[in-house]
Amino acid sequence: MSEETPRKVAIICSKGTLDMAYPGLIMANAARLIGIDCMLFFTFWGLDIINKNKMDKLQVATVGNPSMGMPTFLGGIPGMGAMATSMMKKEMEKIEIPTVREMIEILDASGADLYACKMAMDMFKLTTDDLVPEVKEVLTATDFWEKAEGAQVVFV
Amino acid sequence: MSEETPRKVAIICSKGTLDMAYPGLIMANAARLIGIDCMLFFTFWGLDIINKNKMDKLQVATVGNPSMGMPTFLGGIPGMGAMATSMMKKEMEKIEIPTVREMIEILDASGADLYACKMAMDMFKLTTDDLVPEVKEVLTATDFWEKAEGAQVVFV
Amino acid sequence: MSEETPRKVAIICSKGTLDMAYPGLIMANAARLIGIDCMLFFTFWGLDIINKNKMDKLQVATVGNPSMGMPTFLGGIPGMGAMATSMMKKEMEKIEIPTVREMIEILDASGADLYACKMAMDMFKLTTDDLVPEVKEVLTATDFWEKAEGAQVVFV
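Residue numbers (our numbering), protein chains in the order written: chain A, 326 to 481; chain B, 326 to 481; chain C, 326 to 481.
Here chain A stands alone, though its shape is the one from the complex:
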C-alpha cells in the first residue's frame, strides 16, 4: 500500500467542548509531524472550533462528566464549568500545548486540510464569514467520503 498511496488520516470533529476539541487537533498535528496526510472535517458542535467568535471560548463539559471528580450536582452550579475550563487551560499552558486558535494555525501551516460541514453550517445558519480563514472549503458528507478514501478515520 505504501508504494501506491501515501498514508492518510481523516479526523471528524463533532464536539465543541474544550476537552473534546483538543484530541482531534492533537492527533491531526501528530499525524502531520510524521508526514501523514491529514484532513479535518468540522461538523455539528465541532464547528465551534473553527468559528472565529467561539473558538477562544470553548468550555470544558463538567456536568454529566464524572471524570471531572466533582458530583454532577456541583457541575450544574454556575461557575463550575468556567473554573474547570480555566484550570484545564492553565494545565495545557504549563505543558506548552498551544491554544485552539494556535493549533488551527499550526495545522494549516503544516499542510493539514481543514473543511467545514455544509449541512451543519446550514443548520446553524453559518457562512464562511463566521469561520477562520484557514478553512479551505465547505464540504458535504458525500464530498467528505470522496476525499477520505483510504484514510484512517477518527470521529471525535
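Hints were generated in silico from the structure; no laboratory data involved.
Treat the hints loosely; a few may be bogus.
It does not matter which identical chain is meant; a pair holds if it fits inside one copy or across any two.
Derived EDC-like pairs (lysine to aspartate or glutamate); straight-line CA-CA distance at most 20 Å [to be verified]:
| no. | residue 1 | residue 2 |
| --- | --- | --- |
| 1 | Lys419 | Asp447 |
| 2 | Lys333 | Glu474 |
| 3 | Lys377 | Asp454 |
| 4 | Lys450 | Glu421 |
| 5 | Lys443 | Glu459 |
| 6 | Lys333 | Asp468 |
| 7 | Lys333 | Glu471 |
| 8 | Lys472 | Asp362 |
| 9 | Lys382 | Asp455 |
| 10 | Lys382 | Glu421 |
| 11 | Lys382 | Glu416 |
| 12 | Lys443 | Asp455 |
| 13 | Lys443 | Glu421 |
| 14 | Lys443 | Glu416 |
| 15 | Lys450 | Glu416 |
| 16 | Lys450 | Glu418 |
| 17 | Lys443 | Glu418 |
Put chains B and C on the given structure of chain A with help from the hints.
Just chains B and C, lined up with the frame of chain A:
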C-alpha cells in the same frame, strides 16, 4: 485495493441523543449515495435510534454541552432540553433533513445493513420486537469485527 | 492484504464514564477473540480506566444523557448518577460482563497492548505509579500513529 474488494464503511452508533444520532445516519447515507458499502452497528444508548418506541423522541443533550450556547445551569431546568430539541428538529426540517425514522428507512432501502448489538440488547432487556423491522440481524462484537473487515470504522 | 500484514485495530479511549469505558474494552476483547491485533490508547478522561484508584469507581453519565430515560433535571439530583451506575453494574453482572478491572486483565492476558497518552498524563499530573501494571508504555500521539499504521481506528 479497489480491484479486489469494494470500499466499505462501518458506522457504530453508541449514543442516543438526537444530535449524535444524525452524524452516523448522515455519514452512512452519504456513503451509500456514492456506492460505498455501508453497515451500521447500534450499541449502548445508540439502540434508541432503532427502538420503535424511542426513535421519534430522541432529545438534544443540553446540559454539559457548552456548545448549546446556554449556561449549564439553565440546561438543567426542565423544558430547556425539550426546547433545544424542538429547535433542532425545526432547523433540520427547514434544510430538508429527514426524521430519524425516515433516515432508517432510506438507509435500508439504499442497501445499508443495520445491526443491533447483542450485549447491549441483553443489558437493556430488549428483544427484536422492540426494534424497527429494518434491523437485519443482532450481532455480537465479534460478529461485528468479522463483517467490518477492511472497512473504514466510524465510532459515533 | 492478509498475506502481508495481520489485521489490526487501534482503540482510543478518551472518556472516563462507565458507559463509555465498556464499548472500547468490549470491542478490543472481541478483536482479540478472533485473532485481530489490538492496541488501546488511553487519553484524556479515558486515563481513569487504567488509573488504579479510579477504575473501580467509574460512573454512568446521567445528566445530559436523555437516553437514560430520566429528565435532565432529575439527573442533576445527587444520587441519581450513583443509582444509574449501580443499576448498570448489576445488569452487566447478570449478563456476565467482567468488571473494568477484570477486562483490563483479560485484555492484557489476551495479548492486547495497552498504552497511556503522555500529554494527558502530564496534564493530569499522573505518573506510571498511578496506572495499572498492565499498561505497557506511555506514548506520545506521534508514537500512537506510528504503532497504529494499517489499523482500523476506533475513537471512543
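Here is what the structure says about each hint:
1. Taking the shortest alpha-carbon separations for Lys419 and Asp447, only the inter-copy value of 9 Å comes in at or below 20 Å, while the best intra-copy value is 38 Å.
2. For the homomeric pair Lys333 and Glu474, the shortest alpha-carbon distances inside one copy (9 Å) and between copies (10 Å) are both at most 20 Å.
3. In this assembly of identical chains, Lys377 and Asp454 lie within 20 Å of each other by CA distance solely inside one copy; the values are 9 Å within and 41 Å between copies.
4. Proximity of Lys450 and Glu421 under a CA criterion of 20 Å is satisfied inter-copy only: 14 Å between copies versus 35 Å inside one chain copy.
5. Only within a single protomer do Lys443 and Glu459 lie at most 20 Å apart by alpha-carbon distance; the minimum there is 16 Å, versus 28 Å between protomers.
6. Taking the closest pair of Cα atoms, Lys333 and Asp468 come within 20 Å of each other both inside a single copy (16 Å) and across two copies (16 Å).
7. In this homomeric assembly, Lys333 and Glu471 come within 20 Å of each other (Cα to Cα) both inside a single copy, at 13 Å, and across copies, at 12 Å.
8. In this assembly of identical chains, Lys472 and Asp362 lie within 20 Å of each other by CA distance both inside one copy and across copies; the values are 11 Å within and 16 Å between.
9. In the homo-oligomer, the alpha carbons of Lys382 and Asp455 lie at most 20 Å apart inside one protomer (15 Å), although the nearest pairing across protomers, at 32 Å, exceeds that limit.
10. For the homomeric pair Lys382 and Glu421, the shortest alpha-carbon distance inside one copy (19 Å) is at most 20 Å, but the shortest distance between copies (31 Å) is not.
11. Taking identical chains as interchangeable, the C-alpha atoms of Lys382 and Glu416 lie at most 20 Å apart only when both belong to the same chain, with a minimum of 16 Å there against 24 Å between chains.
12. In this assembly of identical chains, the alpha carbons of Lys443 and Asp455 lie at most 20 Å apart only when taken from the same copy (13 Å versus 34 Å across copies).
13. Only between protomers do Lys443 and Glu421 lie at most 20 Å apart by alpha-carbon distance; the minimum there is 13 Å, versus 33 Å within a single protomer.
14. Taking identical chains as interchangeable, the C-alpha atoms of Lys443 and Glu416 lie at most 20 Å apart only when they sit on different chains, with a minimum of 14 Å there against 34 Å within one chain.
15. For the homomeric pair Lys450 and Glu416, the shortest alpha-carbon distance between copies (9 Å) is at most 20 Å, but the shortest distance inside one copy (34 Å) is not.
16. In this homomeric assembly, Lys450 and Glu418 come within 20 Å of each other (Cα to Cα) only across copies, at 13 Å, whereas the closest approach inside a single copy is 33 Å.
17. For the homomeric pair Lys443 and Glu418, the shortest alpha-carbon distance between copies (15 Å) is at most 20 Å, but the shortest distance inside one copy (33 Å) is not.
Checked against the numbered hints above, the structure breaks none of them.
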